[in-house]
Amino acid sequence: MTIEKLSRRSMLGATAGLSALTLGACGTSGPGGAGGGGGGGGDSASYWALSGEPNETIYGDAVDAFNEGDKGSVEVTFFQNDAYKQKIRTAIGAGEAPTIIYGWGGGGLRTYAEESQVLDVTSWLEEEADYKSRFVESVWDAATVDDKIYALPQGATQPIILFHNKKVLGDIGAEAPETWEDLLGVVEKAKSAGIAPISLAGQSRWTSMMWLEYLLDRVGGPEVFAKIAAGDKEAWLDDAVLAMGEKVHELLEVQAFADGFESMAADSNTDQALLWTDQAALMLHGGWTFGSMKASGGEFVPSGNLGFGPFPTIEGGAGELTNLVGNPCNYLSLSSAADDKSVEVAKAFLKDGAMSDQVASDLIASGSVPVIVGQDEALAASEDAEYLEWVYASIQEAPAFTQSWDQALQPTDAETLLVNTEQLFLGSITAEQFAENMAAGKGA
Amino acid sequence: MTALSRESALPATGSGVERAESARSSPSARRPRDERMKTSHLLFVLPALLFFAVFALLPLVGVVALSFTTWNGIGAIQFTGLTSWIEALGRSSTWNGLGLVLLMIVATWLLQTPMSILLGAFLAGPQRYRNVLAILYFLPLLLSSAAIAITFKSLLDPNFGLANGLDMPFLKQNWLGDPVLVWVVLLFIIAWQFIPFHTLIYQGAVRQIPRSMYEAAEIDGAGRVRQFFSITLPQLKYTLITSSTLMVVGALTYFDIIFVLTQGGPGAATRILPLDMYLTGFRGNEMGVASALAVMLVVLGLGLALGVQRLGGKDSAASQMEGA
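Top to bottom, those sequences are chains A and B.
Here the first sequence stands for residues 3 to 446, numbered as in the numbering used here.
Here the second sequence stands for residues 204 to 527, numbered as in the numbering used here.
Don't read these hints as lab results, they were simulated from the structure.
Do not rely on the hints blindly, as some may be mistaken.
Stated by the list, open to error - Calculated cross-link-like contacts (lysine-lysine; reagent style DSSO-like; alpha-carbon spacing at most 30 angstroms):
1) A/Lys-150 with A/Lys-134
2) A/Lys-296 with A/Lys-73
3) A/Lys-169 with B/Lys-440
4) A/Lys-235 with A/Lys-89
5) B/Lys-241 with A/Lys-296
6) A/Lys-229 with A/Lys-444
7) A/Lys-169 with A/Lys-73
8) B/Lys-440 with A/Lys-191
9) B/Lys-375 with A/Lys-168
10) A/Lys-169 with A/Lys-191
11) A/Lys-353 with A/Lys-343
12) A/Lys-296 with A/Lys-168
13) B/Lys-241 with A/Lys-193
If you're wondering where the values come from, they're calculated on a predicted model, not measured in any experiment.
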């Protein structure tokens with residue numbers, strides 16, 4: 003009896019203890035882990051960044067280099083892109099954000115700023131004028147909310163570029179299109195040669211959205227979306243939006259996009275593969291694909307078969323050939339939930355580590371253009387000089403650089419946009435329905 | 204003193220053994236022991252109850268509460284009464300998602316149940332080669348849904364998938380981009396993943412059917428087919444209910460496969476209600492509306508589970524072995 007009682011009691015105790023432990027663990031293990039919540043104790047700052055090469059190595063090295071100094075330490079954690087977008091929002095909402103928040107500026111940053119979740123760095127930048135003037139001017143727009151700066155530029159500029167396969171275009175007797183008619187001509191020639199005219203990973207939705215961004219710019223000029231981004235939903239009913247939607251239907255009618263494009267997703271890079279395996283003539287994509295095509299495409303990039311150019315103009319349209327859309331760069335914000343010491347460390351890292359000269363030269367080596375001034379010589383010396391210098395010149399000459407729509411808009415509107423974009427490209431809604439849905443905020 | 208006086212108050216009849224027995228059976232003496240048992244039972248149940256309360260009930264209460272608010276995930280939570288419910292019930296995507304979930308339940312059940320029963324009955328046989336086959340059949344059970352979805356996504360790629368690898372052009376279809384074809388693909392993959400599990404359940408159940416029933420049927424001259432329909436199938440009634448419950452409620456959780464494979468596309472063709480809830484909450488940042496959808500899903504899941512149990516009749520606790 004005594005033995006039975008003892009064992010029963012001790013078992014109960016053990017169970018209760020275990021459950022208490024587990025429950026306790028659930029209470030404390032926030033996304034940042036011990037010391038991560040709200041920015042870390044002592045002289046350290048937490049920093050969440052995106053995984054994937056080459057960036058993971060470049061920024062990992064930057065953190066290591068900073069930690070070797072005596073200004074405190076930065077703990078970096080890498081996340082996969084799509085997972086990060088949802089995780090960071092939940093973490094910020096729960097007060098568990100890292101000290102340094104990676105982001106894309108624009109509408110997402112605005113929601114953080116309006117809820118006072120990120121620090122206003124305007125006055126700090128005034129004190130650190132040298133640091134501020136390191137960056138090219140065009141990057142500050144997407145970091146500014148109501149005349150205050152809430153984020154610091156980082157990384158490379160990523161305009162959307164119309165890539166083409168020179169070999170394929172040569173074979174079918176076409177040239178890189180500069181007007182809408184040129185583009186339709188390329189489509190026709192490619193179709194009759196049995197080659198996919200345009201590679202598009204339609205399932206990813208933002209890929210199709212890139213077409214809308216340029217079409218609207220070329221038809222109506224950058225002002226139309228500027229109005230929309232400023233919160234005027236009625237601007238979706240502009241005639242230019244209708245014309246944009248009709249251009250998409252025009253492309254669908256001639257089957258301009260690769261067969262089965264609705265099944266293709268950008269995360270597996272099959273859209274790029276279609277271009278570098280000579281199975282497609284054109285591809286509209288972000289500048290970041292240059293690096294991955296160079297890495298995966300064998301001889302495609304080194305042999306000079308990858309062509310690049312601006313999006314064609316549309317006759318009677320207001321947009322210029324040199325207008326750009328895309329991502330000016332990425333941004334780092336400081337969490338307002340972090341303690342003062344962590345913020346000090348984070349500021350030191352942003353100033354000396356995040357976009358150091360080493361980071362800039364690493365970015366150039368990986369085939370992208372850092373958003374730092376005075377890179378001409380370094381770009382010219384790079385093995386990808388032709389492409390990099392063209393991008394660098396483009397962003398400096400561009401009369402307008404419209405931020406990617408899904409990042410410029412508030413997250414809820416961005417999701418509505420992506421849902422309607424997909425349906426427009428499936429041909430299941432008309433241009434009018436697209437405009438009306440967007441004006442009414444009607445999603446799936 | 205009190206003990207002594209109580210002892211003397213007892214009737215002095217019978218032997219000590221008898222007295223002890225009568226004391227044990229008398230209700231007044233039994234109660235304290237029962238109480239003690241109850242307390243210890245409660246203590247044993249407590250950890251599980253605690254877990255259930257913290258991880259199931261508490262979030263549920265939270266979701267119900269959130270469904271009466273408007274919240275973008277990071278700002279202040281505003282109590283807005285029925286606004287989120289009106290929004291959730293007024294959106295076409297909610298009803299589209301609900302319809303697709305019901306379609307999913309019916310289609311997966313119709314596809315998986317007959318195949319699982321047949322395979323289960325087949326694999327229940329004692330033959331060696333069937334064991335080898337069983338191992339092969341059960342392989343998909345070892346893989347995670349996400350891994351399966353990623354693999355099939357690569358295989359079904361229109362340009363670099365199976366069609367290209369095997370040089371079979373007819374496999375080059377718009378598998379994930381056509382609203383009808385995408386359902387064929389989904390149902391196939393889900394069946395491929397879950398039929399092994401249900402086969403396992405049926406295999407075990409068939410093995411439990413007494414041989415004597417088949418022997419008796421054989422003596423009566425019943426053939427293989429007759430035996431299957433008159434003995435195997437009726438004896439599997441309760442297994443069928445278990446398997447169907449898992450299948451029906453499971454259909455509400457095929458979220459992962461669809462999320463990886465199609466993201467609800469093309470358009471909203473595979474945007475089933477759980478996925479719609481997730482996308483509304485974590486992409487659209489409308490936590491109030493998403494919570495209302497979540498409450499709908501909980502009610503739907505509970506209702507379906509209870510409904511399937513009811514189909515088994517109220518005597519479901521009765522023996523399956525009657526007449527055996």
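Hint check results:
1. Between A/Lys-150 and A/Lys-134 the alpha-carbon distance is near 14 angstroms, which keeps this suggested pair within the 30 angstroms criterion.
2. The straight-line distance between the Cα atoms of A/Lys-296 and A/Lys-73 is roughly 37 angstroms, outside the 30 angstroms bound, and the hint therefore fails.
3. At most 30 angstroms may separate the alpha-carbon atoms for a hinted pair to count; A/Lys-169 and B/Lys-440 exceed this at roughly 65 angstroms.
4. Among the hinted pairs, A/Lys-235 with A/Lys-89 is consistent with the structure: their alpha-carbon atoms are about 28 angstroms apart, no more than 30 angstroms.
5. With a C-alpha separation of about 71 angstroms, the suggested pairing of B/Lys-241 with A/Lys-296 is violated against the 30 angstroms cut-off.
6. Taken as a hint, the A/Lys-229 and A/Lys-444 pair is honoured in the structure, with Cα atoms around 19 angstroms apart against an allowance of 30 angstroms.
7. Among the hinted pairs, A/Lys-169 with A/Lys-73 is inconsistent with the structure: their alpha-carbon atoms are about 52 angstroms apart, more than 30 angstroms.
8. Simply put, B/Lys-440 and A/Lys-191 have alpha-carbon atoms about 63 angstroms apart, too far for the 30 angstroms limit, and the pair is violated.
9. For the given pair, B/Lys-375 sits about 26 angstroms from A/Lys-168 by alpha-carbon distance, which is consistent with the 30 angstroms threshold.
10. A distance of roughly 14 angstroms separates the Cα atoms of A/Lys-169 and A/Lys-191; the hinted pair therefore holds under the 30 angstroms criterion.
11. For the proposed pair A/Lys-353 and A/Lys-343, the alpha carbon gap of about 16 angstroms is at most 30 angstroms, so the pair holds.
12. The straight-line distance between the Cα atoms of A/Lys-296 and A/Lys-168 is roughly 15 angstroms, inside the 30 angstroms bound, and the hint therefore holds.
13. Annotation: proposed proximity of B/Lys-241 to A/Lys-193 is violated, straight-line Cα distance about 79 angstroms (limit 30 angstroms).
The structure is inconsistent with the numbered hints 2, 3, 5, 7, 8 and 13, although it conforms to all the rest.
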